[in-house]
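Could you put together the complete structure from these sequences and hints?
Residue-level listing of the chains:
Protein chains: 2
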Amino acid sequence: MKITFNDIVAKSQTLSKKVLSVAVAQDEAVIEAVAEAKKKGICDAILVGDEAKIKEIAAGMGVDISQFEIINEPDVIQASLTAVKLCHDGKADMYMKGLLETKDFLRSVLDKEVGLRTGGVLSHVCVFDIPGVEKLLFFTDVAFMTYPTLEDKVNIIKNTIPVCNACGIENPKVAPLAAVEVVNPKMPVCVEADELTKMNERGEITGCIVDGPLSLDLAIDPEAAKHKHIEGRKIQGDADILLFPDIHAGNLVYKAIVHTTKVENGCILTGTKVPVILTSRSDTFETKVNSIALAAVVAHEIKKANA
Amino acid sequence: MKITFNDIVAKSQTLSKKVLSVAVAQDEAVIEAVAEAKKKGICDAILVGDEAKIKEIAAGMGVDISQFEIINEPDVIQASLTAVKLCHDGKADMYMKGLLETKDFLRSVLDKEVGLRTGGVLSHVCVFDIPGVEKLLFFTDVAFMTYPTLEDKVNIIKNTIPVCNACGIENPKVAPLAAVEVVNPKMPVCVEADELTKMNERGEITGCIVDGPLSLDLAIDPEAAKHKHIEGRKIQGDADILLFPDIHAGNLVYKAIVHTTKVENGCILTGTKVPVILTSRSDTFETKVNSIALAAVVAHEIKKANA
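As given, the protein sequences belong to chains A and B, one line each in that order. Here the first sequence stands for residues 1 to 307, numbered as in our numbering. Here the second sequence stands for residues 1 to 307, numbered as in our numbering.
The set of hints was computed from the structure by calculation and includes no laboratory data. In this text, all values refer to a predicted model and were calculated from it rather than measured experimentally. Errors might be hidden in some of the hints.
What the hints assert, rightly or not - Simulated DEER-style distance windows between Cβ atoms: (1) B/GLY203 x A/GLY168: 56 to 64 angstroms; (2) A/GLY232 x B/GLN78: 28 to 36 angstroms; (3) B/ARG281 x A/SER16: 47 to 55 angstroms; (4) A/LYS40 x B/GLY203: 31 to 39 angstroms; (5) A/LEU110 x B/PRO222: 56 to 64 angstroms; (6) B/LEU150 x A/GLN78: 42 to 50 angstroms.
Unchecked claim - Covered stretches of chain B (in silico footprint by chain A; criterion: 3 or more residues with CB under 8 angstroms from a CB of chain A, positions within the stretch not fixed): (7) 17–31; (8) 209–223; (9) 243–254.
Said to hold, decoys possible - Here are a few chain B residues that sit away from chain A, every Cβ distance over 10 angstroms (derived from the structure): (10) ASP152; (11) LYS158; (12) GLY232.
Even glycine gets a Cβ: it sits at the ideal position worked out from N, Cα and C.
The structure is reproduced here in C-alpha cells:
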C-alpha cells in the first residue's frame, strides 16, 4: 500500500504533541498554514515576531490567535535567533521560516551558539506523492546542496533515511540517478553512483539499499524495469529515495513535476538538530501544511533515535 | 495558438513527398510506424534490410509491403551503410534506425564516406506537447551530447533553431536552464547561461532570443514569471527551446515528464545532412510517427536553407 500525506498527517496526530517555532511569524500564508496544522492536531506553535502585526494579520484572517504563544520581537534577525534558540534548548521540536530572507533564516539555523548544527552536512528532501507512481518518493537534493561530492552524497543519504523511517518506510531503496543505468567511465556521475552502491554493499552506508546508476524510468516505473530486463538489479522501479547528481538536475525535475502534474508534496531541511521547514512563497497552502506534518513525524523519529 | 503534432503532420502532408530511408528495417514496431506515416501521407520509404524477414513481418501484421521499395541487404552493418548512403546521395531525405545497436547505427551516421556529417556537432532535440503548457517545447539535449561545453551549447542552439522554424516558430526563445535564475558565480551552469545570453545580445548567436539562466518554472509558466516579478527578462514563461545543463539533467526531466504526464512527443538527431530518427524500443507508436513527421518538416527546412 502506498503511503500518502494523509498517513503522515494521521501519524503526527497520534504522537505526543510537537511544538513548532516560527521565525518572524508576521506572514499571512505562514499563519494560515500553522493555524491549519494546529486545527488538524499536527502540532502546537510558538510565534516569534512582531506581536502587533501578527495579531493584526490573524484578526484579518479570522484566526483565533489566543491558541498560540507569541513572543514579541520586532527585530527580524533577533526574532530568528530567539525562535531558533527555542529549538536549540529543546523547548520546540521544529523550526519554520516566516517573513525573512532565506539567507538570514539559514544564518539562524547555522548560528554557532543557538543554532541547529549537528556537525554533519545539511540537505533538503522533498517528499512527493505522484499519481501513477506506486510509492512515495523522496527527492534529494533539489534545493539546498549545489554540487555534492561523493562524501556529501553519503551524508545526504544518511540524512534522508530517518525521514523515510518517520514515514513508515524501513530500509529504503536509494537510487543514485543518472541519464543511463550503466557505469560509463566518461560520466563521473555514473562512477560515483556505482561507488555509492559498493559502499552500501561493503556496509559503509547502512539502513538502506543503494543501487545506481539508474535512469529515472528504471527507478520509479516497475513496467519499464521489466521491459528493459534489468534482472539482478536491486531496484526494479521501486525506489524510495531519488538521489540527484546535482542541484540543477534535481531542481529541474522537481519543477517539471510540480508544473506539469497534480502532486502532493512536502519538504524539509535535514541534518539539523530538529527538522527545518523552509517553504517558499510559491509553495501552495497544502505543501506548507504537508511540510509541517512531515517535520512533526521526523522530529519524533529524531527524538526516538536520541533517547 | 499552440502548435501541436497535428499541425506538424498537416504541414508534412502539404510538402513535396519526402523519402525515409530505414536501416535494418526488419523490426515490427518500425514497420508499423513507417506504414502509418505512409498512410497519413507524411512520407514515402525505402526499407533496407533482410527482404525475406521484412516481408514476413509485414505479412504477419497485414501491412501491404508493395507500397515500399525494398533493398535486400541481410548484413546489418552493410544495410546501415546502404541506407545512410541513400540520404548522403540525396535519394532519401531522412534516416531512421531499425533493428540494430545504437552504436552501429551512429557509426553509419558518422561514416566519413557515406554518412551525414556536416562538420558541425550533432545534437538531439525532443519536441514536447505537454497539457497545461501553452507552447510546444523543444528539449535539448536529453539523449546524445553528455557534457556540452559553452561552444557545444552554442552549436546545440544553432542546430535546434531550424527545427523550431520547421514547426512554424520563427525567432524562438531559448532558455538555458539552471536551478536558479540569477548568475551565481559558484555555479558554472549559471555563468555559461549568462554568457550565452550575452553572445546573443552581441549578435554572435542569431535567429533566436536567448535569456538565461532561468529556472524551469520561469521558463515555461507565465503565471510563475508574473508571481516572481521578473520584469525586464526577455522570457516570461514563454520559452520555446529548453537548453539543459547536461545529459543527466535533461534526461531525468525528459523521463520525469514522460512517466508522470500524458504527453505527445517526437525526437530527432540534428546537425546532420538530413534529420535522423533514433527512437528507442520503449518509445510509443505515436512517438515514432510524430518523430517521422517532425523529420519530414525539418528535412524540408534544411532543403530550403540549402537551395
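Exercise for the section: Determine whether the Cβ-Cβ distance between B/LEU150 and A/GLN78 falls within the hinted range of 42 to 50 angstroms. Expected result: holds (45 angstroms)
Handout entry: Whether chain A covers the region 243–254 of chain B (at least 3 residues having a Cβ closer than 8 angstroms to its Cβ atoms)
Key = Holds, because 10 residues of the region 243–254 of chain B bring their Cβ atoms closer than 8 angstroms to Cβ atoms of chain A.
Handout entry: Interface-negative label, B/LYS158 against chain A, beta-carbon threshold 10 angstroms
Key = holds (22 angstroms)
Handout entry: Beta-carbon spacing of B/GLY203 to A/GLY168 - inside the hinted bounds 56 to 64 angstroms or not
Key = holds (58 angstroms)
Exercise for the section: Confirm or reject the statement that B/ASP152 sits farther than 10 angstroms, beta carbon to beta carbon, from all of chain A. Expected result: holds (15 angstroms)
Problem - Pairwise beta carbon distance, A/LYS40 to B/GLY203, judged against the given window 31 to 39 angstroms - result: For B/GLY203 against A/LYS40, whose Cβ atoms are near 58 angstroms apart, the range 31 to 39 angstroms is violated.
Problem - Coverage criterion applied to the region 209–223 of chain B (partner chain A; beta-carbon cut 8 angstroms; 3 residues) - result: holds (count 5)
Practice task
Mind checking the hinted window 56 to 64 angstroms against the Cβ distance between A/LEU110 and B/PRO222?
Solution key: For A/LEU110 and B/PRO222 the Cβ distance comes to about 36 angstroms; the hint is violated.
Exercise for the section: With 28 to 36 angstroms as the target window, see if A/GLY232 and B/GLN78 comply at their CB atoms. Expected result: holds (34 angstroms)
Handout entry: Range agreement (Cβ of A/SER16 with Cβ of B/ARG281, hint 47 to 55 angstroms)
Key = holds (53 angstroms)
Practice task
Verify the coverage statement for the region 17–31 of chain B against chain A, using a C-beta to C-beta distance below 8 angstroms and requiring 3 or more qualifying residues.
Solution key: violated (count 0)
Handout entry: Check on B/GLY232 being off the interface with chain A, judged by Cβ distance over 10 angstroms
Key = At roughly 19 angstroms from the nearest Cβ of chain A, B/GLY232 sits farther out than 10 angstroms, so the non-interface label holds.
Consistency with the previously given hints fails for numbers 4, 5, 7, ordered from lowest to highest.
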